[in-house]
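Got chain H; can you put chain R on it based on the hints?
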Amino acid sequence: MLELNRVDVHRGGIQVLWSVSLTAKEGRITALLGSNGAGKTTLLSAISGLVRTSSGTITLKGNPIGSQPVHKIVEMGVSMVPEGRRLFPEMTVHENLELGAFTRKARAGRHETMELVFRTFPVLADRRLQMAGTLSGGEQQMLTIARSLMSRPNLLLLDELSWGLSPVATENIFKTVKEINGSMGLTIFIVEQNVATTLEMADYGYILENGRIVGEGVARELLSSEQVKDAYLGIGDV
Amino acid sequence: MAQVIVYGIITGAFYGLTSIGLSLVFGVMRHLNIAHGSLLMIGGFVAYWAFHLFSIDPFLSIPIVIVILFALGVALYKGLFCHLDSLPEGQKINNSMLVGFGLTWIIDNLAILFWTSDVRAVTPAYTGSVIQVMDGLRIPVVGIAIVGLALLVIFSLHLILTKTFFGKAVRATAQDRDAGNLMGINVERTYLTFFALSASLAGIAGVVAAVNYSVHPTVGFEWLLKAIIILVLAGVGKIGPVFAAGIALGMAEGVSVYFTGPAYREVVGLVLFLLVLVYRAK
Chain H
1 MLELNRVDVH RGGIQVLWSV SLTAKEGRIT ALLGSNGAGK TTLLSAISGL
51 VRTSSGTITL KGNPIGSQPV HKIVEMGVSM VPEGRRLFPE MTVHENLELG
101 AFTRKARAGR HETMELVFRT FPVLADRRLQ MAGTLSGGEQ QMLTIARSLM
151 SRPNLLLLDE LSWGLSPVAT ENIFKTVKEI NGSMGLTIFI VEQNVATTLE
201 MADYGYILEN GRIVGEGVAR ELLSSEQVKD AYLGIGDV
Chain R
1 MAQVIVYGII TGAFYGLTSI GLSLVFGVMR HLNIAHGSLL MIGGFVAYWA
51 FHLFSIDPFL SIPIVIVILF ALGVALYKGL FCHLDSLPEG QKINNSMLVG
101 FGLTWIIDNL AILFWTSDVR AVTPAYTGSV IQVMDGLRIP VVGIAIVGLA
151 LLVIFSLHLI LTKTFFGKAV RATAQDRDAG NLMGINVERT YLTFFALSAS
201 LAGIAGVVAA VNYSVHPTVG FEWLLKAIII LVLAGVGKIG PVFAAGIALG
251 MAEGVSVYFT GPAYREVVGL VLFLLVLVYR AK
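Chains as they are written, first to last, in my numbering: chain H, 1 to 238; chain R, 1 to 282.
The set of hints was computed from the structure by calculation and includes no laboratory data.
One should not assume that every hint holds.
Some residues of chain R that are not near chain H, with every Cβ distance over 12 Å (derived) [unchecked claim]:
1. ASN95
2. SER129
3. ILE131
4. PHE165
5. ASN181
6. LEU197
7. MET251
8. TYR258
9. LEU275
To be clear about the criterion: a stretch of chain H counts as covered by chain R if any three or more of its residues have a C-beta under 8 Å from a C-beta of chain R, and this derived list gives those stretches [to be verified]:
10. 70 to 76
11. 80 to 90
12. 97 to 110
Listed next, the in silico DSSO-like pairs over lysine-lysine satisfying Cα-Cα at most 27 Å (straight line) [what the hints assert, rightly or not]:
13. H/LYS61 / H/LYS72
14. R/LYS78 / H/LYS72
15. H/LYS72 / R/LYS163
16. R/LYS163 / H/LYS105
Beta carbons: idealized from backbone N, C-alpha and C, even for Gly.
The following block holds chain H by itself, in its conformation from the complex:
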């Protein structure tokens, strides 16, 4: 579905990503893990088009998306849930969802999609006329995912879902992501600092350090590998 081939990205004259290659397979959950400042958000922004690559290719189902503007990439079926939620706080839940279905294709079927989304997130149906800014943190995170689903994406990019959420709320959100992946067969590419929880949910994982991919593997195996235990789980040998 999604393929990155030797992607370099510079921001403000500084190279942030170094020859990153990875694949997110259709219908699977692929995770990108790494500490703060490793370049995870930059990588997602490069896929969604918010940040330009300096070299390398990004392809979606074989079609290059590297040079397209952001709104075209959305039309091609990529939807991103940005870090820090980025809702439209002064608009209602309903309006936020409508904006999620902004592309021409999604707009036509937006009423059906909204019914579908409300079935996954019943709490949003109860709050549809409330301002998005007045929702609780967990509800806001649900709304960002719901808003992204409104565009009927083929590929969902999730950036730091656990941001600002309690462990319980995080667990709920992750459970929902797993459900969406199962019920809709949606391809998901998730970026997280929360390594253990993410690897329990994901199928495959990559580890990003200082802008380079330093490890990859099937999620279960990564979870028990010494490299991950050492660096991220704090349970390796010192």
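Coordinates of chain R only, in the frame set by chain H:
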């Protein structure tokens, strides 16, 4: 005193029309378009020439004004303002002001070159006619048209911003540009259309200025001053408060003229402006 209120409302409706485009563009795009006054002046001249050359009623010339100013807005945004969009907010405001000042200078001088600096007015047959209500209360016919026009503009803008996908895209990108972009909104095109719409609004205000007052090449800056006072009084980017502040300013000026004569009319607005800056800007 009732007469003062009537005139205050009419003047206020005009002030609201003058300010609304400036305020919306500032609120959504963070461009403080100083050339808004010059666009208003062009709108006034279009109405003037339409009336004098083709005897088109000024209020009926509004559709023509809207189209011409919209096209001009597209050109100005594509040629100048869109290049500022990638700047951080503070720099964007400063630079848009610089660009706007330069534009004002160019447009106003071109207008002098083409049309001379004569003061002109659009005077259809109903200019000066009034409707008598009760004893002594006179309502000018033009005033009724201006208030009606203002109401129509408020209503249309409200519909556009709350009911259409374009309007929702405008409000969304105002709150979070990148997030709006990630929804599939073509931010550049949305901004372009919105800027052009604001130019059209300036043109509509220009028609009213030409009918109710007069129009000459540097008239824009005078009305821009009012528009900026209202921007400060009303806060940014909301339709209702802009017209409320316009009427408040119109009334305040009317009352001051009633008590002290016209000499201090301009001072009132500036004093209000200062008071707001001192007491509310925190």
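Here's how the hints hold up against the structure:
no. : hint                : in the structure
1   : ASN95               : holds (20 Å)
2   : SER129              : holds (45 Å)
3   : ILE131              : holds (42 Å)
4   : PHE165              : violated (7 Å)
5   : ASN181              : violated (5 Å)
6   : LEU197              : holds (19 Å)
7   : MET251              : holds (30 Å)
8   : TYR258              : holds (40 Å)
9   : LEU275              : holds (28 Å)
10  : 70 to 76            : holds (count 4)
11  : 80 to 90            : holds (count 7)
12  : 97 to 110           : holds (count 7)
13  : H/LYS61 / H/LYS72   : holds (15 Å)
14  : R/LYS78 / H/LYS72   : holds (20 Å)
15  : H/LYS72 / R/LYS163  : holds (24 Å)
16  : R/LYS163 / H/LYS105 : holds (19 Å)
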